[in-house]
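Undergrad: Here are the chains, one letter per residue:
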Amino acid sequence: MSDAAAMNRFLSGVEKKAFHIANLAVKDVDEAMDIVQDSMMTLVRRYSAKNESEWKPLFYRILRNRITDFHRRAVIRNRIMGFFRLPNSEEDGAGPILQAPAGYAVEPAFQVQMQATSEKLGKAIEVLPGRQREAFLLRVWEGLSVQDTARAMNCSEGSVKTHYSRAVHTLREVLGDDHEQ
Amino acid sequence: MSSDQDAKLISLAKQALDEDVSELGEDIHLRLAAARRAAVAEMDRPVLFLKGPWLTTAPAAAGMPATAMAATAMAASLVLAVGIWSMRSTVPELPVYGGEDAQLAAQNMDLLSDMEFVAWLVMEEEPNAG
Chain P
677 MSDAAAMNRF LSGVEKKAFH IANLAVKDVD EAMDIVQDSM MTLVRRYSAK NESEWKPLFY
737 RILRNRITDF HRRAVIRNRI MGFFRLPNSE EDGAGPILQA PAGYAVEPAF QVQMQATSEK
797 LGKAIEVLPG RQREAFLLRV WEGLSVQDTA RAMNCSEGSV KTHYSRAVHT LREVLGDDHE
857 Q
Chain S
35 MSSDQDAKLI SLAKQALDED VSELGEDIHL RLAAARRAAV AEMDRPVLFL KGPWLTTAPA
95 AAGMPATAMA ATAMAASLVL AVGIWSMRST VPELPVYGGE DAQLAAQNMD LLSDMEFVAW
155 LVMEEEPNAG
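Sequence lines, in order, name chains P and S.
All residue numbers for the first sequence refer to the numbering used here, where the first residue is 677 and numbers rise by one.
All residue numbers for the second sequence refer to the numbering used here, where the first residue is 35 and numbers rise by one.
In isolation and in its complexed conformation, chain P is listed as follows (with noise of 0.2 Å):
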């Protein structure tokens, strides 16, 4: 297979969990696809000619480096708007993550039940804290070991292992017991 229909293999596989990963971090739909595309061209620029073994962890890396500046520009841009924002304003208080419906019905029949469980899990990991966030999705929806989570995350895999343990916990309780049925 040539390096260009490998890659091509690669990004195919990971682009749709990548836009989702990006999406949750930015809540912003074309913000994200941005992130996805240039963190795409930019493991093929630098690290097309590395074994392919060595992508996924360096693709989540990139991923993540992208979404870290979003982050520092939207602080600065924050901070910019912010001279210009009246105080009170309506857009102060609650984000839209606290503002979006909780979910929690309870509904009689198991595969509305589980549906609904399904949903508060999708809301939990909305909400964890980033770095626990892309240890549980790079651990249990990519699949990478904690070796290849703490390159993607640029940390030691003891602090792999935290994160990932506290944001179980953290979903643990936010199901209740929704999941011992």
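These are computed hints drawn from the structure, not numbers from a lab.
Everything numeric in this text was worked out from a predicted model, so none of it was measured.
Hints may be right or wrong, so weigh each one.
Here are the computed lysine to aspartate or glutamate pairs in the EDC-like style, where the Cα-Cα straight-line distance is at most 16 Å [as the list claims (entries may be wrong)]:
{"#": "1", "chain 1": "P", "residue 1": "693", "chain 2": "S", "residue 2": "57"}
{"#": "2", "chain 1": "S", "residue 1": "48", "chain 2": "P", "residue 2": "802"}
{"#": "3", "chain 1": "P", "residue 1": "692", "chain 2": "P", "residue 2": "679"}
{"#": "4", "chain 1": "P", "residue 1": "703", "chain 2": "S", "residue 2": "54"}
{"#": "5", "chain 1": "P", "residue 1": "837", "chain 2": "S", "residue 2": "57"}
{"#": "6", "chain 1": "P", "residue 1": "693", "chain 2": "S", "residue 2": "40"}
One side of the interface only, derived from the structure: several residues of chain S facing chain P at Cβ under 10 Å [as the list claims (entries may be wrong)]:
{"#": "7", "residue": "70"}
{"#": "8", "residue": "71"}
{"#": "9", "residue": "73"}
{"#": "10", "residue": "76"}
{"#": "11", "residue": "145"}
{"#": "12", "residue": "156"}
{"#": "13", "residue": "160"}
Yeah, the Cβ is synthetic: ideal placement off N, Cα and C, and Gly gets one too.
Given chain P, put chain S in place with the hints provided.
TA: Below, chain S alone, put in the same frame as chain P:
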């Protein structure tokens, strides 16, 4: 909590995430595919190190990286700028009078003094002329 319960939690989480991804719109799929194709197309494209008539190209995996090339160009520019600055900042030499120039200046001063003396002499002698 048992590992079975954790496994169930993880399974549910995967299911929730997969559902979220499956609900992505068709336009998202198309945009992602377009982004992927553009990225893959980059693999065969030669990397341009510099723009201009001295343009050089090389495959992405070989040769000097663009960043190293840019750094080298910047260093060369810096050396050139420092050189020009040091040349321009030297104090210009003041004219030194000496030799023939000094003699000429002295002669001119003597001539001027003589002319003043002659003019005074003429003024003094005029009243006695009549």
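Undergrad: Which of the listed hints are not met by the structure?
TA: 3, 5, 6, 11, 12 and 13
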